[in-house]
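Novice: What follows is each chain in one-letter form.
Protein chains: 2
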Amino acid sequence: MQIDSAQLDTFAAVIDEGSFDAAARRLRITPSAVSQRIKALESRLGQVLIQRTKPTRSTEAGEALLRLARQVDLLEVEAIAAVKGKVEGLRLPVAVNADSLNGWFLPALLDVPPELVTAFDLRQEDQDHSAELLRNGTVLAAVTADPRPVQGCRVRALGKMRYLSITTPEFAERWLTGRPLAEALATAPMMAFNSKDKLQERLIRKVTRRRLDPPVHSIPASGPFVRAIRLGLGWGMIEEDAVEADLASGRLVEVAPGKHVDVPLYWQHWKLDSAVLDALTAAVLRAAAAGLRSP
Amino acid sequence: MQIDSAQLDTFAAVIDEGSFDAAARRLRITPSAVSQRIKALESRLGQVLIQRTKPTRSTEAGEALLRLARQVDLLEVEAIAAVKGKVEGLRLPVAVNADSLNGWFLPALLDVPPELVTAFDLRQEDQDHSAELLRNGTVLAAVTADPRPVQGCRVRALGKMRYLSITTPEFAERWLTGRPLAEALATAPMMAFNSKDKLQERLIRKVTRRRLDPPVHSIPASGPFVRAIRLGLGWGMIEEDAVEADLASGRLVEVAPGKHVDVPLYWQHWKLDSAVLDALTAAVLRAAAAGLRSP
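Chains as they are written, first to last, in full-length UniProt numbering: chain L, 1 to 295; chain X, 1 to 295.
Hints were generated in silico from the structure; no laboratory data involved. Just to be clear, a hint being listed does not mean it is correct.
[Unchecked claim] Quick list of in silico lysine to aspartate or glutamate cross-link-like pairs, DMTMM-like style, CA-CA up to 25 Å:
# : chain 1 : residue 1 : chain 2 : residue 2
1 : L       : K160      : L       : D126
2 : L       : K54       : X       : E78
3 : L       : K84       : X       : E183
4 : X       : K196      : L       : D21
5 : L       : K196      : X       : D126
6 : L       : K196      : X       : D146
7 : L       : K54       : L       : D16
Can you build the whole structure from these sequences, using the hints too?
Specialist: Pasting the structure below:
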């Protein structure tokens with residue numbers, strides 16, 4: 001072994017538990033043993049690996065090692081499962097962006113053979129944070145709108161989510177009718193998921209060729225975001241499948257009919273020879289083929 | 001004035017923008033002017049107010065001042081609105097726990113007179129983080145399961161959410177029937193919102209008087225959490241209103257019929273003489289009376 005496995009486990013425990021003392025309790029060793037193992041690992045690699053903050057955090061140099069710890073862990077659990085004929089205690093950590101989690105993603109989990117995995121540990125994250133979680137090994141895969149491969153990961157195109165500009169007929173009547181759209185959109189209350197959600201601005205630029213500064217309601221949860229639009233709080237971009245029936249029946253209307261914003265999605269996963277990761281990737285690709293527009 | 005308002009605004013800008021340079025750009029002054037104002041404020045109060053990290057953060061001592069800045073800002077906007085007869089650019093930041101946001105809370109926003117507020121800026125937060133956001137003034141009110149008043153805030157009881165233990169008939173048939181419930185729950189896949197979600201454990205202890213260690217799927221979004229249960233991924237605690245119809249029709253069943261877990265909720269808000277805060281509080285109390293069990 002290039003790296004002492006007890007030292008590696010101890011390093012991961014200090015990050016996971018947030019302190020040297022808590023890691024000592026989990027590993028049932030003394031805090032000074034934890035401290036010695038970390039110092040030995042740091043001097044072996046010539047790098048500081050842990051920021052001694054509260055809670056403790058990995059340094060940038062430590063991130064690759066943290067990912068190594070998770071990867072070795074997964075390979076070990078899978079090897080034991082292969083020997084014993086059944087998997088035990090394997091929880092797969094995966095990051096998923098909010099709209100995918102709320103939409104096409106879930107059926108993929110049901111499609112992974114249960115003999116390969118005990119449970120799933122999903123994180124709802126935007127692309128900025130997903131990249132960090134992949135880098136430090138907190139998640140082994142992510143659905144993200146970011147096509148730039150994270151170091152050590154493989155990227156596959158999943159397809160596109162298409163968003164339409166949606167509101168109620170009453171809201172349209174009150175805020176939009178009887179004047180140019182560019183003027184109406186400058187004052188009509190707009191929805192946003194959070195301050196990073198630029199979908200509505202993209203629609204506005206597409207339609208008006210301008211930047212506008214309307215009042216913005218932020219509702220950072222996919223279900224409530226859609227519900228607030230249905231209640232008439234504002235207009236916003238909603239994934240087409242979620243509004244198809246209501247557009248047909250006239251319960252909802254498009255703010256800019258025929259205009260849309262497409263968001264391509266990607267599956268980023270560790271490059272690792274793991275049966276469960278292969279099965280999850282295949283299941284996610286199938287769910288994406290069923291639930292997304294082709295890339 | 002006890003505190004120079006330009007210094008106070010500059011302090012809030014440095015925290016909001018994340019750096020001295022970005023604050024300077026927003027305030028259209030030089031970075032050295034920003035630095036001088038902060039130094040003057042810190043020496044006036046004899047406390048370090050800003051952690052010079054990336055991004056900059058308020059120190060504990062600075063939190064009260066940050067809240068003061070937000071409060072003065074709100075009072076100023078309201079006073080200007082009273083003079084001009086209309087409100088401009090007033091976005092109300094409010095923290096709401098996930099299940100409330102997904103459930104009874106939204107109608108309250110529609111019930112605040114629109115002449116008092118421009119838009120709402122919701123944060124979805126658990127109680128730990130809500131307390132911090134109230135303390136440092138990032139939000140002016142919060143729906144939380146924590147009854148302990150945050151310093152400078154008033155607490156009102158809103159009512160209780162009642163959670164039932166829910167799964168599909170197929171899942172119950174496969175995992176639960178034909179053996180004692182305590183034994184079945186030790187192996188049947190369980191859902192959790194995240195690692196802080198103890199609702200399922202509370203139900204297990206109530207029913208079995210024991211702690212069990214079943215496989216746990218984490219899905220940190222209210223809508224997808226419920227949908228995963230409907231798809232048969234695991235059993236979990238769902239708010240009673242969301243499953244009433246499906247329990248009646250037999251599409252869903254209770255894991256432990258007749259057993260429930262109640263979560264009392266509270267409205268914590270700044271003690272401040274603000275028309276919009278009063279109106280929001282009244283609207284939230286009405287929505288809670290309509291959507292929650294009485295306290």
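Novice: Taking the hints in turn, state whether each one holds.
Specialist: Hints versus structure:
About 16 Å separates the Cα atoms of K160(L) and D126(L), which keeps this hinted pair within 25 Å; it holds. Proposed proximity of K54(L) and E78(X) is contradicted: the alpha carbons are some 40 Å apart, above 25 Å. A threshold of 25 Å between alpha carbons decides the hint, and for K84(L) with E183(X) the separation of about 23 Å falls inside it, so the pair holds. About 21 Å separates the Cα atoms of K196(X) and D21(L), which keeps this hinted pair within 25 Å; it holds.
This hinted pair checks out: K196(L) and D126(X) have alpha carbons roughly 21 Å apart, not beyond 25 Å. Proximity of K196(L) to D146(X) is assessed by CA-CA distance (about 29 Å); at most 25 Å being required, the pair is judged violated. This hinted pair checks out: K54(L) and D16(L) have alpha carbons roughly 12 Å apart, not beyond 25 Å.
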